[in-house]
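Since the structure of chain A is already known, use the hints to place chain B on it.
There are 2 protein chains.
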Amino acid sequence: MAHVEIDGRRVLADLTALRRIGEYKTGVHRPALTAEHLQSIEWLVARLPEAKLTASIDGIGNVLGRSNCAGAKVLAGSHLESQRHAGWLDGPLGIVYALEAARVINTSAAFAGKAVEVASWCDEEGHFTSLMGSRSYVGQLDEDEIDRLADIADGRRLRDCLAAAGVAGRPRAQVEEGRHIGFIEAHIEQGDVLESSDLKIGIVTSIVAVWQYRIVIEGMQNHAGTTRMAVRKDAGLAAARLAVAIDETFPGIAGARSVWTTGRIALDPGAPSIIPGQAEMLFQFRDSDVVVLERMERHLEGLIGEANAKGPCRLKLEKLRKATPAEMSGDFQSALQIAAERHAPGRSLRMPSGAIHDAARLSTRMPAGMMFVPSIGGISHHWSENTSDEDIVLGARVFASWAAELLSRA
Amino acid sequence: MAHVEIDGRRVLADLTALRRIGEYKTGVHRPALTAEHLQSIEWLVARLPEAKLTASIDGIGNVLGRSNCAGAKVLAGSHLESQRHAGWLDGPLGIVYALEAARVINTSAAFAGKAVEVASWCDEEGHFTSLMGSRSYVGQLDEDEIDRLADIADGRRLRDCLAAAGVAGRPRAQVEEGRHIGFIEAHIEQGDVLESSDLKIGIVTSIVAVWQYRIVIEGMQNHAGTTRMAVRKDAGLAAARLAVAIDETFPGIAGARSVWTTGRIALDPGAPSIIPGQAEMLFQFRDSDVVVLERMERHLEGLIGEANAKGPCRLKLEKLRKATPAEMSGDFQSALQIAAERHAPGRSLRMPSGAIHDAARLSTRMPAGMMFVPSIGGISHHWSENTSDEDIVLGARVFASWAAELLSRA
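Protein chains in written order, with numbering that gives the first Met the number 0: chain A, 0 to 409; chain B, 0 to 409.
In case anyone wonders, no lab produced these hints; they're calculated from the structure.
Bear in mind that the values here come from a model prediction, so they are computed numbers and not experimental data.
Positions of the beta carbon are idealized from the N, C-alpha and C atoms, including for glycine.
Do not take every clue at face value.
Just so you have them, the derived chain B footprint on chain A, three or more residues with Cβ under 8 Å [what the hints assert, rightly or not]: (1) 49-61; (2) 100-113; (3) 158-172; (4) 188-197; (5) 240-248; (6) 266-276.
List of simulated lysine to any residue pairs, SDA-like, C-alpha gap at most 20 Å [stated by the list, open to error]: (7) A:Lys232 - A:Phe249; (8) B:Lys321 - B:Thr128; (9) B:Lys232 - A:Ile375; (10) A:Lys309 - B:Val243; (11) B:Lys232 - A:Glu217; (12) B:Lys309 - A:Ala244.
Just chain A, with the same shape it has in the complex (with noise of 0.2 Å):
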């Protein structure tokens, strides 16, 4: 493998330049389209150059780095805007190790003929709709959804904010079958597991699967003062009872490594003094495991099975989201790993990622690999997220040894 070297001070640099775009306390406030991603997007338009690379914006808000020369090529990536009044390294932190990987392994003479492209997805937290710049380069989003999408906290229409950032009408960069070997992506780990076990790079083998579940239940609305205790309909006790079954069966079904989570309980109306009719819960879990996914499921419908038999509520469940785990390509995997010796030995493990990332959606395209730095407490979508220094730079290091490993394999 040829010799690469960073410069981890321009790295730290770089971040702390986009840290300071939508500064919020020790993070940012950086949704996806407004007048904040657009200055970071300005940002890394105005870096690429620096690694031999033209840059372009598409159509859905994408930033793509080409470079003209003839030989093997990697994409590299990752997104730019955050979650509302989150962490600074969710996202930014793959932009930047791909932009200093491209910008060392560019302009190497080494690698004559080879490079690195640069990728920013747009709106990978979901604003509008999770993933939804790799899925618009994989051919997974269409006209007409982009018409109803609109931001979920704010409502603004994709399709205005689009012209607001003047690309409306571009047309939107998709796949060029051969171009790439592949796609690369680093990003923070939002978990604990190398942390706790005092390990600095995680090899994802796969990207889990998230099944999301909407359940709507149906109580009766009434006075909390005149209504007798035996008569009520409580659709939040309802869900609170829900929330406890998930919470007290789960662990004897799930996967060693599954997670399941209510993210939301709303009652209708709210009010101090009424019984709540109605409530809305949102849950969801993950694994790698298709097989593990339909046995939750199948648990999940027991449970509200049982509590529409026991009554007194109604309980109906919605399937809103099915994926299917992403792979991770296996020879990506070991060309990660052959760099994380060279620079972090005997200290990376392969792991999934409880998190979705663009990455699941390249897989589906071509070769992808995804790898992971540690994160302080595990702590993540949180505005106190936080990596060392120290693990930044290393983890560059380690991102740009894996992208030129495999340009050295093409």
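Chain B alone, transformed into the frame defined by chain A:
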């Protein structure tokens, strides 16, 4: 007792006229000091001369119909505003009964020199604050509180609404010592006690106290895919567990007629893929016995202590409201019993009120009594709330006889 004959058709026509103001499905949407509420106030002001009463609207939006006679006077009334998208009888029934009793008694030679005076208390429902108008009348609402109050649903400032209604700066009517022999109020039961026993008139013995709590739960917001189950601090799950623990253990310590309600559970941020970092619960219980109320509070404190001891979240209990149960006058109850026996022999019941009413506040300054009519299905605080026409007319007849009985004794 002198005979009084009410006009049942007029009572139904008046209630129907009020139902058309802010009509919503078969109910009404007439929050306090909205255009619809003001229109209903104007409607009442226009009717009061039919009862030989002079109407005025005071500085808090209370309507008072005053008689110029010199003899004994009973004050009767309820409220005109509704809960949001709620029932047509909750409040207006008591207003129209009072109006009808005043029309027939104040124009009857048999009651010359005596009168029923009519009051409409502003915002019993608590859009700004519960029992606002009756608290003002009994001297329990000060100007500082008025400065601070805003509609809890839409943020309208009370001062602005009073100005828009044209009553800002007007004096607020106050109890006049010795003017009234007492206050009487009719209301729909809002529960199913009368209906389930085929009874027609409820004779209220006391109005329960509501003890209202807010429970704030601190967990740790985190990513729903990457955070292992073992290290989570899920504030939503802690809220669900507390709600279920309350449901399972309160029956063992509560009184026979106690009720308890978790009206709101709100998770923050409430997103599908984020473990809730914070949760809020609004919980209340009601009873007419202070000993029982205190036992329930100690039990609630115990449950929260156990949850904190067990972890992993931190629960904090805030005591928002601890009222004293209001006893209704024994003499007023016996007068109502006589009136009920005349028109619905054997079909009345002495019972506490599980709902709070303006009579609770009036009872702190003068003898007070309350009468219930049946609610179909016990439904209330919902647009489908209803009472049969037959029961409405019977109730009006009993109410007028009750007022007549009280005035005959005076």
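Checked hints:
Counting residues of the segment 49-61 of chain A whose C-beta sits closer than 8 Å to any C-beta of chain B gives 0, which falls short of three, so the coverage hint is violated. A count of 0 residues in the segment 100-113 of chain A with a Cβ less than 8 Å from any Cβ of chain B is obtained; the coverage claim is therefore unmet, three being the minimum. Judged by the Cβ-Cβ criterion of 8 Å, the segment 158-172 of chain A is not covered by chain B as claimed, because only 0 of its residues qualify and three are needed. Requiring three or more residues with a Cβ within less than 8 Å of a Cβ of chain B, the coverage given for the segment 188-197 of chain A holds, as 5 such residues are present.
Coverage of the segment 240-248 of chain A by chain B holds in this model, with 4 residues showing a Cβ closer than 8 Å to a Cβ of that chain against a need of three. Figure legend: the segment 266-276 of chain A, annotated as covered by chain B; annotation consistent (10 residues with Cβ-Cβ distances under 8 Å, at least 3 required). Distance restraint check for Lys232 (chain A) and Phe249 (chain A): the Cα-Cα separation of roughly 26 Å exceeds the 20 Å cut-off, and the hinted pair is therefore not satisfied. Proposed proximity of Lys321 (chain B) and Thr128 (chain B) is supported: the alpha carbons are some 15 Å apart, at most 20 Å.
Restraint check for Lys232 (chain B) and Ile375 (chain A): satisfied, since their Cα atoms lie roughly 16 Å apart, inside the 20 Å limit. Distance restraint check for Lys309 (chain A) and Val243 (chain B): the Cα-Cα separation of roughly 15 Å lies within the 20 Å cut-off, and the hinted pair is therefore satisfied. Distance restraint check for Lys232 (chain B) and Glu217 (chain A): the Cα-Cα separation of roughly 29 Å exceeds the 20 Å cut-off, and the hinted pair is therefore not satisfied. Only pairs whose Cα atoms come within 20 Å are accepted, and Lys309 (chain B) paired with Ala244 (chain A) is accepted, the gap being roughly 18 Å.
Violated hints, in rising order: 1, 2, 3, 7 and 11; the structure is consistent with all others.
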